[in-house]
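J.: Required output: the full structure, derived from the provided sequences and hints.
So the protein sequences, as listed, match chains A, B, C and D. So the first sequence is numbered by the working numbering: it starts at 2 and just counts up by one. So the second sequence is numbered by the working numbering: it starts at 2 and just counts up by one. So the third sequence is numbered by the working numbering: it starts at 2 and just counts up by one. So the fourth sequence is numbered by the working numbering: it starts at 2 and just counts up by one.
Hints in this document: simulated from the structure, not taken from any laboratory. Predicted model only: the values in this text are computed from it and were never measured. Hints may contain errors.
The list cannot tell twin chains apart, which means a pair is met if one copy fits it or any two copies do.
Claimed, not checked - Computed list of lysine-lysine pairs in DSS-like fashion (alpha-carbon distance at most 27 Å, straight line): (1) K71 x K367; (2) K117 x K374; (3) K367 x K117; (4) K209 x K117; (5) K374 x K71; (6) K374 x K103; (7) K103 x K117.
Listed here are the chains, written in short residue letters.
4 protein chains.
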Amino acid sequence: MVQFSDIASELERQAIELPSWAFGNSGTRFRVFGTPGTPRTPEEKIADAAQVNAYTGLAPKVAIHIPWDKVDDYAALRSYANDLGVDLGTVNSNTFQDEAYKFGSLSSGEASVRRKAIDHHLECIEIMHQTGSRDLKIWLADGTNYPGQGDIRSRQDWLAESLREIYDALGDEQRLVLEYKFFEPAFYHTDVPDWGTSYAHVTALGPKAFTCLDTGHHAPGTNIEFIVAQLLRLGKLGSFDFNSRFYADDDLIVGSADPFQLFRILYEVVRGGGYDVDSPVAFMLDQCHNIEEKIVGQLRSVLNVQEMTARALLVDRAALLEAQNANDVLGANAILMDAFYTDVRPDLAAWRESRELPADPIAAFKASGYQEKIVAERAGGVQAGWGA
Amino acid sequence: MVQFSDIASELERQAIELPSWAFGNSGTRFRVFGTPGTPRTPEEKIADAAQVNAYTGLAPKVAIHIPWDKVDDYAALRSYANDLGVDLGTVNSNTFQDEAYKFGSLSSGEASVRRKAIDHHLECIEIMHQTGSRDLKIWLADGTNYPGQGDIRSRQDWLAESLREIYDALGDEQRLVLEYKFFEPAFYHTDVPDWGTSYAHVTALGPKAFTCLDTGHHAPGTNIEFIVAQLLRLGKLGSFDFNSRFYADDDLIVGSADPFQLFRILYEVVRGGGYDVDSPVAFMLDQCHNIEEKIVGQLRSVLNVQEMTARALLVDRAALLEAQNANDVLGANAILMDAFYTDVRPDLAAWRESRELPADPIAAFKASGYQEKIVAERAGGVQAGWGA
Amino acid sequence: MVQFSDIASELERQAIELPSWAFGNSGTRFRVFGTPGTPRTPEEKIADAAQVNAYTGLAPKVAIHIPWDKVDDYAALRSYANDLGVDLGTVNSNTFQDEAYKFGSLSSGEASVRRKAIDHHLECIEIMHQTGSRDLKIWLADGTNYPGQGDIRSRQDWLAESLREIYDALGDEQRLVLEYKFFEPAFYHTDVPDWGTSYAHVTALGPKAFTCLDTGHHAPGTNIEFIVAQLLRLGKLGSFDFNSRFYADDDLIVGSADPFQLFRILYEVVRGGGYDVDSPVAFMLDQCHNIEEKIVGQLRSVLNVQEMTARALLVDRAALLEAQNANDVLGANAILMDAFYTDVRPDLAAWRESRELPADPIAAFKASGYQEKIVAERAGGVQAGWGA
Amino acid sequence: MVQFSDIASELERQAIELPSWAFGNSGTRFRVFGTPGTPRTPEEKIADAAQVNAYTGLAPKVAIHIPWDKVDDYAALRSYANDLGVDLGTVNSNTFQDEAYKFGSLSSGEASVRRKAIDHHLECIEIMHQTGSRDLKIWLADGTNYPGQGDIRSRQDWLAESLREIYDALGDEQRLVLEYKFFEPAFYHTDVPDWGTSYAHVTALGPKAFTCLDTGHHAPGTNIEFIVAQLLRLGKLGSFDFNSRFYADDDLIVGSADPFQLFRILYEVVRGGGYDVDSPVAFMLDQCHNIEEKIVGQLRSVLNVQEMTARALLVDRAALLEAQNANDVLGANAILMDAFYTDVRPDLAAWRESRELPADPIAAFKASGYQEKIVAERAGGVQAGWGA
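T.: In structure tokens:
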């Protein structure tokens, strides 16, 4: 049996990057509901993100999105973040909100549109130099809505050309992570719809290109932990976008829809070396808090990942291997389930206190008065959202 | 063999209601792209809808959406429509865009919110008296995003109470049609997610309540034509919202994603009496033209329904029955497929001309200069969309 | 906070019916693997089932399947079961393995086939009188593989007629439960594919007819707990067939694929009165142990249901209601999750011991030598399976 | 506009390999129904397959399955086939029906099991030398049913080792095609579940390894034509297993469930060079005729592929490209749909007659008396099926 004390030291290095946009408003095509206290600037988003780290010690970095987080002085933004105890992380590009991208961006049939989209990424790389970010994350909304609308095959070639130019502009310590998504906003075909397509492109690009796995971007029934195991084996798992879903890309809080799936994913991460000290895998959230409190939502998310990582680390791998080798189907399954059903919350609370963190980060945050303060202070202005 | 001449007269009574909102802008949560010439007022939407009817003879009614189509004088709006050769149709309520409905409307746990939502429907019934509309269509966005957020069971009871009050306010000639939807915008549970739930409610309400079947609102793999057959058998199929989808509720042009499915649906409609002269079934479109031309998109849609209805009518039902009775699996299937694979377009073109309609409605519309005219004329103002 | 001591007495009345066929061989269309010790007779299946009850106290009844469990003297079979501490339960009919049913049974277009299928059910009712069974469970494989093969609408009418004759033959204390299934073995349309269809039929039949919900028989993404809540509200939830699945009707051990889903289902059962003392809901397993040990598989299954029922009972419903009323999305969700994440296993082990049951039923069974004994004893003969 | 006369010559080279097992019995886990006239030997299967070729000219090769088609003298079997106007094609291995493969074959954790499975493939390669077959097709049933049962990561490594040994034994003109499948018979994880996994393996193996795409082996909603385009672009599309499905791997007649999907797939084949004279792509059927006539089922299948290939060839690619370049969404779609809706059957019938084939191959076969003859002749013996 593996005990909590055996794994506590491994929990210390856990770090989950927060998306700046999780603190802004989001919604569905039907409605974006506002929330009192929502940030109006990149700085206010970072300030909220810093709260999550302050109460959990789990979130030392904030991913930014260009142009939503565009500022004049990125060095100043980074310095602001550092003063709050966090750093800037992955830079996310945006090729879906400009009128020019109506029919595609890096995969567009129009050379001028591809040029514009490539230049946007070159600008992002520039920003990365100023923010000290390692990763450029590319998620493409590119695709078509009707059969025949675009030439699927040519678009792959155009995409490959565009990615090549971006890749070649990366600095020595920088990486490109290419996200895939099953569908939405395109409804017939998507240019990077699955891990195989991302893998084919990043393999062609070179050693600084990796795949980003968003847990909500798969067809119904897909075994995601298999993909995790496979990409780790192939050396191309660059990062996670954590969230959860019941249906499509719901962007719900990670672990809220299927906690056992999150456990299985994290078990394969651990099993495949993705949680090792020198692992190339970055862990990020990518979520929408459409109707729930945003800061508490982010707190809940990083705690879910932490709790499930603890369970994954608790798996008695020696015993599991023995049962697997004996083809003891139910015995092997029981060893996995035993870790999953272990209630790690009391141990984690005690461990947090030993590290001068609140035993219950959410309760501590709620008691702090921060939420009331921002509701009062952020009265005017325009709340941040996907549009700005 | 059934010949086109055998079915031509049946095509004459085909009528497909157009949604006013199909002429306004729409999009995804990522972006709403605008289009030159988009209507800015209910009148301009109706004018565009009238074009579809003028070129096809298929779309004599325009469904309106409250409050998107709110006007001071509905009698005047109707008169305006009549002058353009169309009439106002189904009134669609909206309980998803007011801040009050963040956690539900007719199924909300808050009595004051339910009151507001019921009152909105009573207002819609008032409008129906002025517009001469028969049907009040209720599609609810109600649901929850996280397990535990709401009490699923109580919400059904609240919904039943709300519907009862609305139903009791209907005039003698008015009907309530209750639409169901698998998911979106709610991501954990939806209060009216399937035909069974709609059926249970409309059965409890009484003879003026029916189910509305939106072809895009089902789980992956659902056999929709079975539901059509079943609801017709149970006497509770009130109306269709036609569109198509590859994934979720994509709201693509009807018949564009799976034409054979549309054929099977229309075959069951014909088979079950839903296309009979006195059928209670209303045929409507409910689509989004996010990136394609809107008027042409609506033309394409009604023509798709017409062409597929012709194919469904061409099924040699006597021969089919004989093959079915003989358990001749492939023989029966071949009879159905023979109608599906028949190219009805030349016969339909000739038939249209015999009725003083253009053989190719889309080409005729494109040649008319209408699109260029509205692009020029509708220069200022705010384009209509889901938000207004 | 609800404590285990608060709910212990409610656990006492838990009873989960075992399917006799779970102890026989099963497999996929590709292969049925045998297992040493597999029963060869109904008596041996019952003996194995009695082991599950002996070690858990959870499984006092064994459901039988006709003709797989056909015997000359059902009173003797019942007496045999009683001597082993269990009783006979639900009688399951079989209308899918006779050559006559190639194209349907109760929904067949051939009157003689329907006659044969109805007679089979009348025979089952006769057997129920001898076994003292309350429930006749009807799962139909009826459907078609190709569009056009059968007349969907007529088949519903034939089905209704067939069910009527069976229903009318029920004794005063007997019930008919009609199971639905999304697909398989029919691949185009299934005659009872969803809860709405079952509900429409059982409502038409009368008060002794109910719906049976098999947890593996839904479209991808279906919210099953919603259906549970709805059927309980409508008074028509008759029984559960528990199992789990990742893809189609995998028939895996209940709770093994998505334990959180099982929790949510059982929470709605408790919430809706389905676990009350006088509840009409019967709880059964319907599983296949294709490659794993069968008796241990059944032990694991009833323990999974017990553990998850305990968690569902632990939900602090007063606090939950308060959070729901306050629209505290994350607070309400946290209350539910708190119960789910509670490790009830130590409390259950102690409680079992207090009731003179082994703390760890699986370990106790394994130590008993029963498995080794049946492997040795059941050397010759034909192992039971779906074919016999 | 492309005319039929423009494409007729391209149709001449169409060749679709038939699976010998399509002529034997098949079914579901619930029941395998027999059919009068079903072959009892490999020779009888080949004789039936030769009928399909005789009436259509489309099916010059018969794929065989080892051990189902094991004979003492493969040269004699080939000679027998040649005398009937056909040849032997792809050799399909079987690693799912031996007791040894209960927990896996090439991916098994047991070295002795992998040895056995590798040796089976080496035997298949030997047979290929005798039959003159080019392709060794590997579809693996390998996977697990419960989380934890096997080590997903290690199994990939074992699989890679096993494939390496098989690949290295291939002759210069031989190829290995690795099929992937979403699920079934394994219900938790499958060792080759998606095209990405197959692609990673065949890329690692070398230039004689390709991916086999079975049209029924994908998650719900998967855009299969995208995968076709991608694999063609990557140079790794080796072969198709054609069939169709509404739900899982239904193995229905190709084109029967979603004819438009088949059209889109074949359009991408044509577009990507997969139908070119020197294309490496082999076209095969892999179907089950559970309840329908088997020979007619195969006739219907090859005709469906032929008819849809004709439609795909009829697409006006120059006009399509122009519309695509103009971002004319509906115009481009209309060009594609125009070809799909074209009724090619009369032209094909005339073209067949010009080549001394019956205009209506199914009617001609039915009139031939062959079916009645085999029903009479094949009275005794054991009908072929998956088990033998």
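J.: Against each hint, give a clear statement of whether it holds in the structure.
T.: Quick rundown of the hints versus the structure:
1. With identical chains, the CA atoms of K71 and K367 are never at most 27 Å apart, being 30 Å at best within one copy and 43 Å at best between copies.
2. For the homomeric pair K117 and K374, neither the shortest alpha-carbon distance inside one copy (41 Å) nor that between copies (32 Å) is at most 27 Å.
3. Proximity of K367 and K117 under a CA criterion of 27 Å is satisfied in neither setting, with 44 Å inside one chain copy and 32 Å between copies.
4. In this assembly of identical chains, the alpha carbons of K209 and K117 lie at most 27 Å apart only when taken from the same copy (23 Å versus 41 Å across copies).
5. In the homo-oligomer, the alpha carbons of K374 and K71 lie at most 27 Å apart inside one protomer (25 Å), although the nearest pairing across protomers, at 40 Å, exceeds that limit.
6. Taking identical chains as interchangeable, the C-alpha atoms of K374 and K103 lie at most 27 Å apart only when they sit on different chains, with a minimum of 23 Å there against 40 Å within one chain.
7. Within a single copy, K103 and K117 get their C-alpha atoms as close as 13 Å, which meets the 27 Å cut-off; across copies the closest is 38 Å, which misses it.
Checked against the numbered hints given earlier, the structure breaks hints 1, 2, 3 and satisfies all the rest.
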